[in-house]
Amino acid sequence: MEFPKRWLKILLAPLMFLSLTSCFEKLPMSTVHSVTEWGNDINELYLITTIVVTFVFFMVSIPFCYAMWKFREKEGDETIPKQVKGNHVLEILWTVIPVILLIIIFIPTFKLIMKQYAEPPEDALVIEAIGHQWWWEFRYPEYGIVTANEMYVPEQRPVTIKLKSADVIHSFWIPRWGGKVDNIPGEVNTINYVTPALEDPAKADYYQGHCVELCGLSHARMRYEAVVLSAERFETWTKVAKSPPKVTTALQKKGQELFMSKTCFTCHAIEGTAAKGLIGPDLTNFGDRRTLAAGTLPNDAEGMHTWLRDSVDAKPPYQNVKPGSLMVFGEGFELTEEDIKALTAYLHNSTAKTF
Amino acid sequence: MSSANSQQTGLWSWITTVDHKKIGIMYALAAFFFLVVGGAEAILMRTQLLVPNNDFITARTFNSMVTMHGTTMIFLVVMPLSAAFFNYLTPLMIGARDVAFPRLNALSFWIFLFGGILLNFGFFIDQVPRGGWFGYANLTSLQYTPDLSVDFWAMGLQVVGLASLIASVNFFVTILNMRCKGMTLLKMPMFMWTNLVTQVLLMLSLPVITIALLMVTFDRHFGTGFFIPGEGGSVILWQHLFWVFGHPEVYILILPAMGIVSEILTTFSKKPLFGYSVMVYSSCAIGFLGFAVWAHHMFTTGLGPWATTFFSAATMLIAVPTGVKIFNWISTVWGGRIRFTTANLFALSFVAMFTFGGLSGIMHSSAPIDSQHQDTYFVVAHFHYVLYGGAVMALFGGIYYWFPKVTGRFMDETMGKIQFWLYMIGFNVTFFPMHFLGVQGMPRRNYTYAVDQGWDLWNWVASVGAYATAVGGIVFAINFFWSLKKGAKAEGDAWNGRTLEWTIPSPPHEYNFGIEPTVTRTDDFWYQKYSEDGKKLQPPKPEKYDPNDIHLPGPSYWPIILAAGITVAASGFFVQGIGLYVSLLGIAVVVVSVYGWSFEEA
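Chains A and B, in that order, are what the protein sequence lines are.
All the letters of the first sequence, read from the start, carry residue numbers 114 to 468 under the numbering used here.
All the letters of the second sequence, read from the start, carry residue numbers 9 to 610 under the numbering used here.
So that you can see chain B by itself, here it is in the shape it has in the complex (with noise of 0.2 Å):
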């Protein structure tokens, strides 16, 4: 047991922590490096795609970066960048001094930090996944990919999986149990209704996933044949699978964009958010929709005319509540005084370009339509749109946003701009032509194009793009580096903001909250420094408390331990020979964890 004086530095206190702060900043640091990498990997395919019939990177690297830079950007660089901003935040905005199985969270944190790694093994003995993000079947069986590239994906991906399933689980009880007094659930901030809704969708998706790789390591391994169509099996049941999990995911990835969106656009418009309460039942109907249009991936395997029809519509219906959103969006900016820092203007172009993406996922709702654009750069330009230009510029956003409060110094605001503008500028200029690429026929997951297809001005274009955002990158990480030593200092108020994170100091103490907070409305911290008619009013003074009374889970190595058995044990898959007994030294490693992480003082 810990009390809150005994705020522990140095790495071990990183490796036991159970606080959801130094997770939440671990989570985002490690979605950094990932970041590096996925980008890498965007470069050396922009790179390879420059000229036609370029060779640059080989047919079995660039196939190896398309499967790399798509799974890595999803699962290790949106997801977890996400669950970084639930962590150090959840607690923070219901008003609560930790999540409910803070142990639990470092958990998923290591877990999710070795699965990343066994994804990524590939690389060090040359077998680097190479069957697409999707891993459609039966490319990835025995047969057509002998090797251990398939292994490494769909184990790393398992052990992803499971770190975000337990996260789930988490943050659903902190947010349904852990409010602080008053808030009610129409009281929550947005970022926590679409939090919520995320784990939700997480929660109902993922174990869809579990099972359909399960399938394909018992198929590889165990002589299943679930996906093997010679072996009464069905490579459509694996894209049925993939799908019901691969839609939701969609908006696991947009969902928390959105909630940071909203809380940035409110506290530099200072108005709160248009239709609070349409905005958080547009993110349960997305949700919901959301697991009603997995087929609208397979339009073109021949569904049949009712169940295309099906999802032609779902699909097109999905466009309603996100009409809603942005409409909102507006409504909120207009009227209000716009203040343009950089976190602003993250959030303004994530609500431009992620129009702009809805629109041309509008098109292709059509079946028909879809049937052209299938496959094609401009299925390529549409995703990008919506989960580039809209949530990672909204994740850029919400960095920017909340730095001040876990540094306790701002971001430079003209490195930022530059950033920005490298960003907004440099994307526009990869993914807008890639409409175009699409329109004339080029297919996607090409490693090269003749010269006599009439593709190559715009993969040029496109490729300069890429290098701009490149260069953006760079600045965003000169910035960070800089602002953490040398940034303004920030008080707990940084931003004038609304919601309960900014009652306290920057960073905020150990145990968050010295006094638990108790809120009569949305936006409570808002009106107890204006009156409804924007009179500022006296701030009640603070009340005091002895920190030494608040009680605080103790560190714990156990956390990392278990997860490290997990990876073991999953690796055990990749080990010739011996690798039975190396799947049992991990599942022992977990039994006996799971026992010292019972019989431990919390």
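Excised from the complex, chain A in its bound form (with noise of 0.2 Å):
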């Protein structure tokens, strides 16, 4: 069957057009526009390898194809083709040169793999990294800071990332500074980053993470943000971020009340109060996160209108928002919605989102 050339290329051409911008287009976790040095190592590394996988390609397409057609079965031919068995030259060299050709690929490998499990400076700047089913808490030993699914960072700085898991497996990757390293369970990894550059000095980059390992019902729902700021911000940032919420309106107050009432505190810390739960994250600069539940929902009062609303009324595992958490609220224990404005009132008004 002959295909007319031209149908081909308007059949094609979009198709390689949208599979062209779709490649290149910058989402919030693409893996090919790095900002960090680690992460353009690995892109030069996959744009060599990209190179030579191709060169193979054709190498294999373009004969193949040429011999489906040249040989193909004509109409009426009988004749017995010539029964060739071997040929040892051939053989030789379609062993040695993809040989040559995984060396190029090899040599920047190792050098890579070198740099990846280098010794990391000695005034980087450490935060553990400890993942939960389904969130992400983040220490930072030096400043006493506990916080959850937003890790902040000052720009251009060495950081070193001990990674923890609290349950099961679970794996750190921020796809735009770099490749992926695991949480292990009773083990402690290290991933190095150099942190990248400020666009607006005086804003704040927000860079996605996301856990890439299955560890249970919510896996997909396991996001978290790398914010990065100046190293000004980052400084009162630190100051700030350990102060509990203001307490300034009665409804605030009424929140307060409940988060002690209502048995929040079992499980989540608040600076500065009675709250002192280790099971879910600290909510004490709550109020400055732009998101709620790991990146599920957005950290508004509708968003926390409907988390709260799905941790009354659903039965675990059956959640809607989150299923399997373990956001629950134990027997008795209604929300009304006035209830729910009142906390809402009082987790927003965090003092670090004053800074």
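It should be emphasised that the hints constitute simulated quantities derived from the structure, not laboratory data.
Zero decoy hints are in this set.
Straight-line Cα separation of at most 30 Å, BS3-like style, residue types lysine-lysine; simulated pairs: (1) LYS187/A - LYS497/B; (2) LYS275/A - LYS316/A; (3) LYS367/A - LYS389/A; (4) LYS389/A - LYS275/A; (5) LYS544/B - LYS187/A; (6) LYS355/A - LYS316/A; (7) LYS493/B - LYS30/B; (8) LYS425/B - LYS187/A; (9) LYS544/B - LYS198/A; (10) LYS543/B - LYS195/A; (11) LYS425/B - LYS497/B; (12) LYS195/A - LYS544/B.
Remember, it's a predicted structure, so these values are computed and weren't measured experimentally.
Work from the hints to combine the two standalone chains into their complex.
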């Protein structure tokens, strides 16, 4: 069957266009729009490899397609082809050439592996990233800060992230920063970065991360963000991040009381209050976060309403927002619409929000 | 004792059969059944991912589908379908009347079938395994999966693994000992070589998963802590054990396909396999290196620089024998007279798709690159190109190729080509965009994704491709049943073949060969039909023989009883309270049937 070339072009052009744009579109988790040295190194290697395998692809597909076309059976042809059994020169050729191509890939691979495992500089900022089902805890031992789902870092500074797990295996990955490393229970892994530069020093840059090891029901709802600040703003943040939410209005006061009476405190901690729970995320600077439930909902009044309603009404593991989550209210702990408003008002008024 | 004349029919003859051909057919039918199950699971997943934040199925169901799709397709579809070809063809291709241990062969089929049911038993009580096909510790521990789902998975795999182990010993012995006169190892058809290497891989890798699964069962039932960090265990230990089995397993899935493709390409190009001995050595090299690359599944676990380097290098190295094979297949086709039958289309597409999957495999053999691809859709795309575009396409080619031998009728070519193109296009539409999704950072095994991620388009495209493939599957089913009844009649040498199975009638007699064949060279049958320079020769007159003189092993019901006993013993783990007694009952059945078996006249 003859297929007009023009049609092939018309059919393929939009496809090619779509695939190219989608590869180069700057999506939140794109692996090719790296902003760190580690990420750029990988992409450089990725490019070399892509060129090599593309070359091999044509080396294979051109003779293959040609052979299929050239040696197709023609009507009425009954000849028996020559029974060729092999060719030593060819065999050696297609053993040696791949070896050379692989060496081209292997040398930079080896260099990069050694670089990845090199010791970080001593002045690196140490952060502990602890995976939980299904949220992330970030600890700053230097500052005594505990936070969740948003990892604040100063720009252009070496950071060493100690990866741990509170329960099962998780995997720490901020695609635009480079490759992932697993959080393994009972072990500590490390990942080193030099944080990217800010585009606008007055603002913050957000980079999305996601757990990439199947860790149970709500694995798909385990996102987090790396928040890059200027060195100065980061210092300010470290000072305010430990202060509890401010309680000024009556509604916030009511929210604070509800937090203690509705058993929230058994799982959540808020600095400077009696709430010392360790099971759920620390909520001290909760009001400052962009999202809640590890990137599942926007952290606004509506998001809070959806989240709290689901936590009260749905029976685990059949919640709608985050199946299997431990965020549940015990039997007999109902929340009225008024209660939800009060809790939201209290938790959203973090001191950290004001820096 | 039965003689060749008393060919039995009816259900009882199938249950008690020890005929490798009947067992092969049963393997294939069971694999088709599980293919429908595994395919339906894939369709459910693709429908859930059709649009962001979909609630078509719950997170729990989705995780179960992920787990069971992988487990089913690997252990209950590709492996048994390969086993079907091994069973049916090994004696035919090496010129034997049956396998070395016919009753053991029946036993392995029944154990496989019961194990497959055990693995899927969770569906009946809503406790479907959901820890991934790799079942990473410690998500599978009692603490994080308190229901029975992991037990169904572990014991199901244990039983299925036993079936494979028994079969592997059987085929290993068969190939080494039962070859006809003149067929030295290096005169065997290529499929028999990949078969042999596969059996060695099975024998060496299955014990590892057996132990690992036992350890997980002990952790869950007897309070050991092999994989529990708080009790001195290590979760990484599981990954090493699993992948020491799991990577050779990949070659267990692909080597049979490579053999099948070699047979199909040679027949339809009317040329011998190019570089036969190099192909043999490549298969052995792949089997050998396959044991030295397992930790490339674990590059992100923090192996340390030297282990990472070693496994990167070993993984790259395995591309060499694989590449050699691809070039040899192309050279086999080169200069031939290629007939584009459905079988050949599937075989040719194997070469193309497998190459493609191999190339993306080279990309993440480099550990730093892998750290960006691991557990994303890029990897999903990669292994589906290898195992689906590769192994499954080749197996379908094998079905179209040997269907006339098995049934005496050809499958319909028009329907076959419709199925082929639906598969080929559907497959690529589904899996090619997954490369993009991976590069865009979409993690695998996510039951849903948020609107703000920008993954909508390619997920939608991938799902549409999956539906096209499903239609292709329906076309195949129609073709299969239609051709059984109405397909064009096939003679013994249906395709102008080169190997021994084409020397006998289609379908073959129960005793395969009236007179045990003698060969002098590779593709002996071809050179009986044609001279070296392509002149048609007068075929020798068939010698006379008396079928009543041929001794065949008698049917036996002990294999199925023994298999049932093993399954009952394993299922003791699922029964609350009286589990121990259930297991003891199963063991009693095993003991009785072993005695019955031993004293039965063969």
